[in-house]
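K.L.:
Line order of the protein sequences matches chains X and V. Using this note's numbering, read the first sequence as starting at 1 and increasing by one per residue. Using this note's numbering, read the second sequence as starting at 1 and increasing by one per residue.
Derived from the structure by calculation, the hints contain no laboratory data. It should be emphasised that the depicted structure is a prediction, and the values quoted were computed from it without experimental measurement. There may be inaccurate statements among the hints.
[Unchecked claim] Once the Cα atoms are required to be at most 16 Å apart in a straight line, the calculated EDC-like pairs of lysine to aspartate or glutamate come out as:
no.: 1; chain 1: V; residue 1: 204; chain 2: X; residue 2: 211
no.: 2; chain 1: X; residue 1: 185; chain 2: V; residue 2: 670
no.: 3; chain 1: V; residue 1: 284; chain 2: V; residue 2: 339
no.: 4; chain 1: V; residue 1: 594; chain 2: X; residue 2: 211
no.: 5; chain 1: X; residue 1: 175; chain 2: X; residue 2: 211
no.: 6; chain 1: V; residue 1: 204; chain 2: X; residue 2: 193
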Amino acid sequence: MQRAARIARFLPALLAWSCCAFAHAADVLVVLGGDAPAYREVAACVTEELAQSGTRARSVQTMGVRELARGVPDSRLIIAVGTSASQAVAAMQSSLPVINTLLPSSTFERIARSQELRADDGRFSAVLLDQPVARYLDLLRAALPGRNRVAVLLGPDSEADLPRLTHAAAARRLKLITATARSEKEIHAALQELLAQSDVLLTLPDGLVSDSRTLPYILLTAYHARVPVIGFSPAYVTAGAMLAVYSTPRQIGCQSAETARQVLAGAALPPPQRPREFEIGVNVHVARSLDIAIDDVEVLRERISRHGAKR
Amino acid sequence: MNAKTRSYRRLTGQLATSVWLGLCPSFAALAQSNNGLSEADFLAELPVVLSASRLTQPLSEAPGAVTVIDRELIAASGAREIADLFRLVPGFQVSYAGGANPVVTYHGLSGQFSRRMQVLVDGRSLYSPSFVGGVDWNHIGIAIEDIERIEVVRGTNTAAYGSNAFLGIANIITRDAALGRGISVGLRSGNNGIADTLLRVGGKVGDADLRATVTRRRDSGFEAIPDDRRASQLNLRADWRVSTTDDLQFQLGLSKTAAGTGEFNNPGNPPRTEENGSNFVLAKWRSAMGPNDETSLLFTHTWDSNGDTGILVGTANLPFVGNIRLEADLDSRRRSYRDHLEFQRIRGIDETLRLAWGIEARHEAVRSRYVFGDDVLRSATTKRVFGNLEWRARHNVIVNAAAMAENYSLTGTTFAPRLAANWRLTPQHALRAAVSRAYRTPSLVEDDINLHITPSRAYLTATNARLALPQSILALAQIRRFRSQGDLHPERIRSAELGYAGELGVLGTTLDLRVFDEHTEQLIATNLLPDTVRNRDEARTRGLDYHLRVRPGADTLVVLSQSVVRVHAGSPDVENSVPAHSSSLLISHHLRDKVDLSLAHYWVDQTRWLGNAVAVPKYRRLDLRVARRFQWGASRGEVALVVQNQSDDYAEFTDRFIFRRRTFATLSLEY
């Protein structure tokens with residue numbers, strides 16, 4: 001414990017040292033897919049968690065995708081943060097175990113397929129950004145009891161979620177109404193039909209349906225139909241969705257760090273995971289305007305956790 | 001903590017949020033460089049679509065009684081005219097002073113020109129200086145098919161919308177251009193010469209959504225008068241999302257109407273054609289930093305032209321000369337324009353306080369030899385400062401304090417305050433109390449009208465020989481005359497109301513009820529003898545109106561509106577201009593997702609519109625609509641049949657304008 005505390009004290013120096021190093025041996029190599037603060041948030045959490053781990057501290061080296069081309073330092077495990085990092089690391093065809101993180105599941109599967117990597121061979125896994133679909137339905141049950149007709153507009157990316165969604169809705173006695181759009185034009189026709197039959201609209205991550213270009217159309221149409229929208233990011237709530245459930249980069253980073261620690265301790269690389277920790281966003285202005293009373297976020301979170309535990 | 005530290009903390013708080021959201025240009029690059037999803041779809045910022053000005057207050061929190069007419073109601077009503085939609089709003093009267101002249105007013109007090117109600121389309125005021133300060137419903141510049149919703153505030157709302165919102169305000173909100181893609185075609189045909197067409201094209205260019213709507217409408221009006229109408233209109237709208245926080249809206253509208261006016265077999269008012277036109281441009285910038293933090297700037301420019309030309313004929317008997325025929329050249333053309341610039345800021349101060357404030361300037365000008373007797377361009381400027389503070393005093397009490405200071409170049413400065421409190425007794429039931437004082441400033445025409453038509457030629461009836469009478473003698477035989485007394489004061493209203501908004505817990509029923517006591521003073525009368533325009537009337541209007549919506553299932557909607565009004569005024573004209581009772585009932589039902597059935601029934605008590613010698617008797621009107629939706633290849637369509645006034649004939653505006661049954665069919669296709 002004392003040793004961990006000592007290392008934590010020297011953490012900034014340690015970080016600086018690891019960042020400017022080129023080919024030092026480190027337990028974990030973190031490859032960042034970009035400069036945005038979100039990537040650094042993930043790296044910071046990984047570094048902190050592994051440095052402070054109770055039994056044994058681990059060294060972490062962080063680098064960008066471009067530096068990767070100059071040579072891969074020795075390490076025992078790679079954490080690829082974001083889509084471009086995952087692509088670059090997958091292209092290396094390294095024999096090291098890789099935890100891909102801060103990327104959507106459909107993208108992870110695409111990268112794995114393109115490199116003929118299999119998530120179950122114990123070398124290529126992920127901590128994904130997408131929430132378990134059941135969590136959206138738990139949020140709906142917790143926040144809007146009585147609204148049982150759930151519309152979901154699916155697209156090419158989110159289509160794969162349909163079986164899970166159907167199962168989760170049936171388990172919660174919710175009526176699921178879905179339509180699949182393959183083009184922007186189909187979104188328009190499908191949405192009108194969906195909204196006429198439902199009392200809440202769930203949007204799932206999808207390159208076509210939840211794109212920022214289609215967003216104004218979806219939010220305005222749903223609002224005029226007085227149907228609240230549940231989204232998957234804090235920006236969705238700011239934009240006009242009434243509710244959202246999402247995980248922060250930090251939560252994703254910490255979950256990745258925990259997985260890394262287990263692997264370093266000798267455990268097998270687990271299959272791809274969805275986020276365990278989550279946040280709930282509520283747009284009180286939209287809720288007020290639709291005259292819907294929403295409980296406090298902590299109450300909702302507690303209810304969702306309880307639902308999750310029961311299942 | 002001093003103010004500086006506080007603002008610094010707020011700033012760092014905002015920065016922290018930004019950092020946390022991971023906003024960085026690299027996300028945008030990432031989103032563009034990859035097909036399919038990336039982390040950018042979860043982490044990047046998105047435009048604030050539902051910002052404060054787009055979110056309507058729920059009835060239980062609104063400072064006044066609000067009736068909303070949405071697309072569902074518009075379709076179910078079968079209405080062809082936007083004005084007819086107001087029949088569904090309690091307390092409103094709709095009539096036709098000629099087939100091409102719809103009139104809409106709240107609680108009467110109106111003749112051919114309804115001057116005491118404000119109508120806004122996307123923030124653009126329809127107040128027309130060359131229309132005596134009323135609304136020319138033929139030229140509102142948009143198609144009924146492009147309306148998203150109409151929010152009608154029953155009761156004075158000058159504190160928020162300026163002096164034209166003296167008795168009420170209607171906010172017409174058109175569809176965002178993002179909501180109508182592809183090509184739509186609409187055809188309508190029926191008896192009474194009804195022949196309408198619509199073409200709408202919507203698309204996307206870069207980050208901008210565009211829409212163009214062209215309509216042409218024709219009908220024959222009433223049988224008793226030559227009021228055939230041909231109207232055409234073009235509306236262009238572009239919504240351009242500049243960034244995640246900012247968007248720009250542009251609109252352009254061009255409209256033209258040729259409408260018959262005058263009377264059959266009356267040489268003094270012969271059939272002729274009035275050529276009216278109205279064009280506008282609108283530009284609006286909106287910046288939304290969050291759902292409760294919005295800034296907007298609106299500019300509109302409108303130019304109108306109205307009028308007709310013709311020869312009016314009168315007869316006179318001169319001693320020693322015999323019967324003579326007098327001819328006057330009529331040229332009633334008016335030209336006017338108006339500019340309007342408005343800045344508005346809406347901001348949540350903390351959890352319990354929200355402030356909306358703004359400044360506004362308008363400039364209007366009108367030129368008409370017919371109305372003013374000379375060719376001088378008359379103009380007026382209005383400057384306004386307004387604010388509304390919403391305070392959530394307790395979890396179930398909301399107080400709205402609003403005020404507007406307005407300076408009008410013709411009458412000086414007025415101050416219109418309003419105070420309203422809403423108390424939510426239970427989650428389902430809320431009470432409201434509001435008091436306000438407001439003013440309506442006289443229009444340029446009211447202020448300075450000097451209208452007289454004098455004959456310019458005289459003929460002997462027997463021989464048709466022209467008489468060489470001097471102009472001074474001819475001028476004695478004025479055919480029409482109106483003159484403003486000048487020095488007009490703003491009209492005044494003091495209003496108090498109690499309201500209820502709630503859910504009744506059975507069959508999805510909601511009720512919005514308003515009990516009111518309105519005291520109007522210094523009303524500007526235009527129908528006086530000798531024809532002088534001056535501040536004269538006052539009225540005490542008391543009563544209640546309500547709007548009840550029942551939704552027993554997803555496929556059925558019942559809307560009942562009713563109004564009971566009692567007026568005490570010095571003048572019987574004023575008292576008779578308000579119907580004591582009026583009601584409307586709309587029932588709509590969807591059958592098997594494809595067929596829509598609806599009926600609308602209206603009851604209106606006897607009304608004598610201002611300026612009319614006779615009252616319109618009490619009437620009932622039943623409208624029916626049946627529609628069938630279909631899919632035809634990749635396109636969707638609808639055929640509908642509408643019967644207006646299935647019941648007996650009734651009179652509109654005067655006893656001579658008989659509204660007979662009108663039947664028309666519509667076909668619409670969307671590709």
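K.L.:
Are the hints correct? Go through all of them and say.
P.N.:
Consistency of the hints with the structure:
1. Of the pairs offered as hints, the one joining residue 204(V) and residue 211(X) holds, with about 15 Å between alpha carbons and a cut-off of 16 Å not exceeded.
2. The straight-line distance between the Cα atoms of residue 185(X) and residue 670(V) is roughly 12 Å, inside the 16 Å bound, and the hint therefore holds.
3. Distance check on the hinted pair: residue 284(V) and residue 339(V) sit about 14 Å apart at the alpha-carbon level, within 16 Å; holds.
4. Between the alpha carbons of residue 594(V) and residue 211(X) the distance comes to roughly 31 Å, so the proposed pair goes past 16 Å and is violated.
5. Annotation: proposed proximity of residue 175(X) to residue 211(X) is violated, straight-line Cα distance about 26 Å (limit 16 Å).
6. About 22 Å separates the Cα atoms of residue 204(V) and residue 193(X), which puts this hinted pair outside 16 Å; it is violated.
Consistency with the previously given hints fails for numbers 4, 5, 6, ordered from lowest to highest.
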